[in-house]
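S.K.: Read off the chains here:
Number of protein chains: 2
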Amino acid sequence: MKIYVNGAVTTQFGELWGVSPRSLARGSVESALKDAGIESGQVEALFVGNMLSGMLGGQEHLGAFFAEELGLSVPAFKVEGACASGGLALHNAVNSLLSGQYATVAVLGIEKMTDHKPEDVATALMGAGSEEERSAGATFPGLYAMLARMHIQEFGTTEEQLAAVAVKNHYHASLNPNAQFHNLLTVEQVMGSSKVADPLKLLDCSPISDGAAAVILSSKKAKGSVEIAASVVATDSLGLAQRTHLTQLTSTQKAAQKAYHIAGIRADDVRVAEVHDCFTIAEVLAMEDLGFFPRGEAAVAIEKGETRLGVSTRVVVNPSGGLKGCGHPVGATGVKQVVELVEQLRGSAGKRQVDNATIGLSHNVGGSGATAVVHILKK
Amino acid sequence: MKIYVNGAVTTQFGELWGVSPRSLARGSVESALKDAGIESGQVEALFVGNMLSGMLGGQEHLGAFFAEELGLSVPAFKVEGACASGGLALHNAVNSLLSGQYATVAVLGIEKMTDHKPEDVATALMGAGSEEERSAGATFPGLYAMLARMHIQEFGTTEEQLAAVAVKNHYHASLNPNAQFHNLLTVEQVMGSSKVADPLKLLDCSPISDGAAAVILSSKKAKGSVEIAASVVATDSLGLAQRTHLTQLTSTQKAAQKAYHIAGIRADDVRVAEVHDCFTIAEVLAMEDLGFFPRGEAAVAIEKGETRLGVSTRVVVNPSGGLKGCGHPVGATGVKQVVELVEQLRGSAGKRQVDNATIGLSHNVGGSGATAVVHILKK
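Chains as they are written, first to last, in our numbering: chain C, 1 to 379; chain F, 1 to 379.
Nothing false has been slipped in among the hints.
Identical chains blur together in the list; that is why a pair holds if it fits in one copy or across any two.
DSBU-like mimics (lysine-lysine), calculated; alpha carbons at most 30 Å apart, straight line:
no., residue 1, residue 2
1, Lys221, Lys2
2, Lys258, Lys34
3, Lys220, Lys378
4, Lys258, Lys221
5, Lys258, Lys378
6, Lys351, Lys221
7, Lys378, Lys351
If you are wondering where the hints come from, they were derived from the structure by calculation, not from laboratory data.
Let the sequences and hints guide you as you build the complete structure.
M.R.: Here's what the structure looks like:
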């Protein structure tokens with residue numbers, strides 16, 4: 001059995017103070033249904049990816065909550081795995097189709113973060129980390145800063161090379177109407193932005209965002225279908241202290257290797273990728289862990305533009321703008337990545353269109369790499 | 001493909017102040033692996049049912065959290081749907097096996113509630129309800145009290161009949177070593193207990209509990225296997241105000257009818273059932289919505305002992321003691337129900353053994369009926 005994405009839409013990402021979660025859900029799912037050319041009555045189950053609604057807003061039971069809002073009287077589930085919640089919701093949706101229990105399902109990734117105090121959001125996000133990290137007062141910028149420091153030490157990666165990730169992703173975001181940021185950045189601006197957790201500066205960090213993304217998955221092919229050729233999840237220790245390596249994420253490596261095997265492709269076959277650049281160092285790690293570049297060589301390649309739209313001849317990375325430029329409403333991110341790939345593989349990505357995009361890869365991470373989800377999409 | 005429960009264990013339920021969530025997880029999953037006769041290395045994915053860890057303790061990302069604790073380096077997911085989280089985790093686990101993506105998976109239902117202030121727990125539990133109910137200051141005892149009041153008005157159900165549910169379930173719990181309560185109750189004691197939300201009294205309500213339950217599910221049959229013949233989820237509006245009926249839960253009816261159809265049985269074939277008696281009225285509703293008794297006749301039947309161990313000649317309900325007697329660690333409940341059915345169908349339920357138990361049904365509810373999950377197990 002093959003699984004297809006038949007509809008794929010994201011809302012605007014950004015600081016959407018005037019928009020409610022209900023409205024984000026309707027805006028994404030109803031448009032995705034329209035994109036798939038089906039009525040809501042044909043949806044047989046709803047999978048919701050969300051991390052923070054309970055901790056920040058006291059609302060749980062989001063499966064039934066959004067099913068009601070969307071007028072879907074169907075089985076509904078919230079799947080959570082920190083910033084990989086969207087990817088995990090997708091994985092469970094894919095398996096539910098492969099099981100034959102459902103023929104068409106909707107996946108909604110959603111997060112509303114900017115209504116809350118940034119300190120509360122930062123605290124809630126640490127729910128993704130280990131107890132030791134939380135009790136030590138660590139934050140995610142701090143944890144990724146340690147990964148960056150190790151990479152700098154081991155491979156001579158420079159802060160300017162990290163900055164190049166943000167510059168590229170803001171350029172891509174400037175071409176994406178739904179992105180949170182449309183301003184171009186220079187390496188100098190990133191380098192001159194305030195330190196958040198040395199060596200990471202403000203402009204090395206993805207923002208706090210609101211947004212939703214939805215896909216309609218089906219075992220039935222339709223007009224504009226894109227195939228999900230692999231959906232793979234891998235885990236690692238929650239905390240950094242328990243890891244074997246700090247310059248690679250084992251979970252990403254495992255998920256990618258298995259996904260390539262299932263899809264029958266090699267890393268070199270991927271022409272467009274949406275990867276989890278919650279911090280600039282995370283994109284460097286992803287490039288190496290996904291096998292796009294040899295270990296220690298990704299940062300140089302990124303600096304040279306080898307993953308940039310219009311320059312790259314092998315793989316364009318984060319054409320949506322990534323988490324850095326497009327925004328990172330955590331539960332939405334894993335779903336938005338797939339929406340971007342669908343647009344790219346359909347050839348409908350407008351100014352962001354990657355040439356010859358026939359195979360796409362999405363890479364969604366929870367915490368500092370405790371969860372990694374890889375999807376491979378084929379035209 | 002058939003799906004089997006090959007291992008099934010619950011921890012002690014109760015006020016377990018000296019026991020950590022990590023220890024509950026190990027206690028249940030490691031014992032379930034032993035019960036299934038397999039090593040942890042044979043588990044290919046972990047599904048965690050939990051509602052409150054984020055809101056009460058700030059820890060999310062529980063899939064990876066418990067995978068690490070259990071030494072399982074496998075894909076891991078938290079599935080949440082309020083008090084139906086355990087049932088929803090089971091459903092996704094079953095589908096993941098039917099999909100062929102995994103051959104053997106572990107499902108862990110877990111909740112640690114008594115470490116927190118009861119007011120905080122009550123507030124967090126309202127995360128299962130609608131925004132209107134939350135902002136109106138409603139609590140779940142209050143919402144179920146409204147359902148009870150309607151049932152009394154429509155069918156002449158008496159408060160003594162509701163009390164009979166608690167009396168029966170405490171009797172069953174007295175035979176269950178893992179139950180939170182072992183004290184027998186009388187109708188007079190229930191009637192004389194303090195009013196919580198008229199007509200519900202303290203002893204009409206399930207307790208706040210700690211506990212975990214785990215099952216090992218597999219597409220491979222083993223010694224002691226019990227088949228999962230149906231796994232069905234249905235949803236309804238989150239809030240009571242949007243419902244068509246207040247003396248029946250449509251979600252339970254829909255899930256049960258579909259489950260009977262899939263399993264090829266009728267309600268009359270069920271010899272043992274674990275149902276969601278979060279309040280005594282909920283068990284009365286379940287008896288009618290599951291089709292065990294005609295509408296308006298369940299309360300009388302319960303009072304006569306028609307669902308009581310040693311008396312019933314057709315269906316014994318909540319032999320574990322149910323949520324009322326055995327306890328209700330919310331994320332664990334849906335999994336514990338299946339553990340009890342496995343013991344019953346294996347004939348290893350000791351003093352609680354139901355005669356001729358060949359078909360069992362579990363019924364797990366989220367909120368006031370927004371989510372219902374029905375599993376049917378066969379010997």
